[in-house]
Amino acid sequence: MAATKRKRLTREEGRELTAQRLVEAAQRLIARRGLEASSVEDIAEEAGYSRGAFYSNFKTKNDLFFEVLRQDQERNNAKFAVALDDALPLEQIRARIKETNAGLFDERDSFMAWTEARMLSARDPKFRARVAGLIAERRDFVATIIQYLARRVGATPSFPLDALAMGFISLSEGVRLFGASCPNEMPAEVAYSILDLFVDAVLQQVLQPGRREAAAPRGSVKSAGATR
Amino acid sequence: MVVFKYAFVPYKVDRMARKRLSRADSRERTAQRLLDAGERLIARRGLDATSVEDIAAAAGYSRGAFYSNFKSKEDLFFDVLRRNQERTNARFAGVLDQASPLEQVQARIRELYAALCSDGDSFMAWTEGRMLSARDPNFRERLAALVAQRRDFAVQLIEYLYRRGGHSPSLPLETLAMGLISLIEGVRLFVASCPDQMPREVAESILRDFVDSAMTQGGPRAVVQPGF
Numbered sequence: 002m003a004a005t006k007r008k009r010l011t012r013e014e015g016r017e018l019t020a021q022r023l024v025e026a027a028q029r030l031i032a033r034r035g036l037e038a039s040s041v042e043d044i045a046e047e048a049g050y051s052r053g054a055f056y057s058n059f060k061t062k063n064d065l066f067f068e069v070l071r072q073d074q075e076r077n078n079a080k081f082a083v084a085l086d087d088a089l090p091l092e093q094i095r096a097r098i099k100e101t102n103a104g105l106f107d108e109r110d111s112f113m114a115w116t117e118a119r120m121l122s123a124r125d126p127k128f129r130a131r132v133a134g135l136i137a138e139r140r141d142f143v144a145t146i147i148q149y150l151a152r153r154v155g156a157t158p159s160f161p162l163d164a165l166a167m168g169f170i171s172l173s174e175g176v177r178l179f180g181a182s183c184p185n186e187m188p189a190e191v192a193y194s195i196l197d198l199f200v201d202a203v204l205q206q207v208l209q210p211g212r213r214e215a216a217a218p219r220g221s222v223k224s225a226g227a228t229r
Numbered sequence: 714m715v716v717f718k719y720a721f722v723p724y725k726v727d728r729m730a731r732k733r734l735s736r737a738d739s740r741e742r743t744a745q746r747l748l749d750a751g752e753r754l755i756a757r758r759g760l761d762a763t764s765v766e767d768i769a770a771a772a773g774y775s776r777g778a779f780y781s782n783f784k785s786k787e788d789l790f791f792d793v794l795r796r797n798q799e800r801t802n803a804r805f806a807g808v809l810d811q812a813s814p815l816e817q818v819q820a821r822i823r824e825l826y827a828a829l830c831s832d833g834d835s836f837m838a839w840t841e842g843r844m845l846s847a848r849d850p851n852f853r854e855r856l857a858a859l860v861a862q863r864r865d866f867a868v869q870l871i872e873y874l875y876r877r878g879g880h881s882p883s884l885p886l887e888t889l890a891m892g893l894i895s896l897i898e899g900v901r902l903f904v905a906s907c908p909d910q911m912p913r914e915v916a917e918s919i920l921r922d923f924v925d926s927a928m929t930q931g932g933p934r935a936v937v938q939p940g941f
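Chains A and B, in that order, are what the protein sequence lines are. Under my numbering, the letters of the first sequence match residues 2 to 229, in that order. Under my numbering, the letters of the second sequence match residues 714 to 941, in that order.
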């Protein structure tokens, strides 16, 4: 039975399945051992394929790693996108965003991959150029969420949206790095509550309904009223 | 900077200056050179891509000299991180002086902080330390002591600034301290990995605004300038 099922997979589908399994294996291994310590052979073996199968799907390890990040981001964005629903009351949307954010703290493999990506980007200009596109996309996505909240609250953000978005991303990654490296000093619930407190504090300052004039743009960054 | 040079050398300065290098002095010098080389290589290539042989060669010593000073690469790596933290502590010692005007203390903190931020190798090594801790329970235990020291130091700094400003904290001090450390590390990681998207001025404006929001949550704005 399994054989007939497999037969029905076209060549294209089979190839897609192999690529998918390699992506999953890579994310697991990289989180566990680190990018440098995970070889192409290790990844192929973890996925149950040969080195040849790897190279017929990806040119290099970094190529596969980029695909890990791309898919990870796609999944995460999809989780947040469903929260922004005009039909829901604002409080419920905020609760959903918080819940989704908290859920990210359980996604250790995803987080480890992103930190590896940041370290690699800091060292390798070629990889940096590739990952920059993904990070810009994430920044814009977070900016869209902030802008959505601002619209629902009826406020104009008093700080450039792009910078705000990058600040939230940095904060979230910094807290997760602290939590992952020092689970005793900062257990997951504490990590999450710290993130929450900081995000709330910033949003409270930046999105003040009806006090637009009082909250004049500060910062040395060019004011951005809208996302690109 | 004479102050920190001697902070790590457990001998009396006058003896050291006069006498020819004793066995212990020369051993200490070898260790320091290995630490310097280790930090540079680990920061630039990553911990996994740096071998004991690489470090010894870069410092101009043999493998044997390495092992007569450090038990393992991780051992040397931990000493790199500890040495950096001791240097930082030495720089900050004496800054929180009750007698100086608050603005002067703040300006001095800002200056020291800017100097810290310009030390990219030290930051990269520290982030490698966090990643290793996330994966290796033995290293995690060792790093925890350094992290706790950092947190307590941040608590002191924050407490001092609130007291001098005549205000009370909006959040528990430890929460604030861990949140600020996470924020700073997250922002630095963003800058290191995406310098085009987050140039230094943007990073600084984000830090200013976020720290300000967290420290003045619900209260009057900008009463306490933490100097980050």
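Quick caveat, the hints were computed from the structure, so don't treat them as lab data. The C-beta atom is built at its ideal place from N, Cα and C for all residues, glycine as well. Careful: at least some of the hints might be erroneous.
As the list claims (entries may be wrong) - Quick list of the computed label-pair ranges, beta carbon to beta carbon: (1) B:Asp849 with A:Gly49: 20 to 30 Å; (2) A:Glu100 with B:His880: 26 to 36 Å; (3) A:Ser57 with B:Arg740: 51 to 61 Å; (4) A:Arg16 with B:Arg823: 36 to 46 Å; (5) A:Ser57 with B:Ala771: 34 to 44 Å; (6) B:Asp849 with A:Lys99: 24 to 34 Å; (7) A:Gln205 with B:Leu825: 22 to 32 Å.
What the hints assert, rightly or not - Cross-link-like lysine-lysine pairs, in silico, BS3-like; alpha carbons within 30 Å at most: (8) A:Lys80 with A:Lys99; (9) A:Lys127 with A:Lys99; (10) A:Lys127 with A:Lys60; (11) A:Lys62 with B:Lys786; (12) B:Lys786 with A:Lys127; (13) A:Lys62 with A:Lys127.
* Asked: Do the Cβ positions of A:Arg16 and B:Arg823 conform to the proposed distance bound of 36 to 46 Å?
  -> violated, 56 Å
* To do: Could you grab the alpha-carbon distance between A:Lys127 and A:Lys60 and see if it respects the 30 Å cut-off?
  => Given that 30 Å is the threshold and the Cα spacing comes to 15 Å, the pair holds.
* Asked: Between A:Lys62 and A:Lys127, is the straight-line Cα distance small enough, at 30 Å or below?
  -> holds, 14 Å
* Going straight from one Cα to the other, do A:Lys80 and A:Lys99 come out at no more than 30 Å? -> Since the Cα atoms of A:Lys80 and A:Lys99 sit roughly 12 Å apart, the hinted pair holds (cutoff 30 Å).
* Evaluate the given range 34 to 44 Å for the C-beta pair formed by A:Ser57 and B:Ala771. => holds, 39 Å
* **Range hint compliance [Cβ, A:Ser57 to B:Arg740, 51 to 61 Å]** => Holds: the Cβ-Cβ distance is about 54 Å, inside 51 to 61 Å.
* Distance restraint between A:Lys127 and A:Lys99, which requires alpha-carbon spacing of 30 Å or less -> violated, 35 Å
* Asked: If you draw a straight line from the CA of B:Lys786 to the CA of A:Lys127, is it 30 Å or shorter?
  -> Measuring from Cα to Cα gives roughly 29 Å; hence the hint holds.
* Is it true that the C-beta distance of A:Glu100 to B:His880 lies inside 26 to 36 Å, as the hint says? -> The hint (26 to 36 Å, Cβ to Cβ) holds, given that A:Glu100 and B:His880 are roughly 33 Å apart.
* **B:Asp849 versus A:Lys99 beta-carbon gap, inside 24 to 34 Å or not** => Given range 24 to 34 Å: holds, Cβ gap about 32 Å.
* Asked: Does the hinted range 22 to 32 Å hold for A:Gln205 and B:Leu825 at CB?
  -> holds, 30 Å
* Are A:Lys62 and B:Lys786 close enough, with their CA atoms no more than 30 Å apart? -> It holds: about 26 Å lies between the C-alpha atoms, which stays within 30 Å.
Of the numbered hints stated above, those contradicted by the structure are hints 4 and 9, listed in ascending order.
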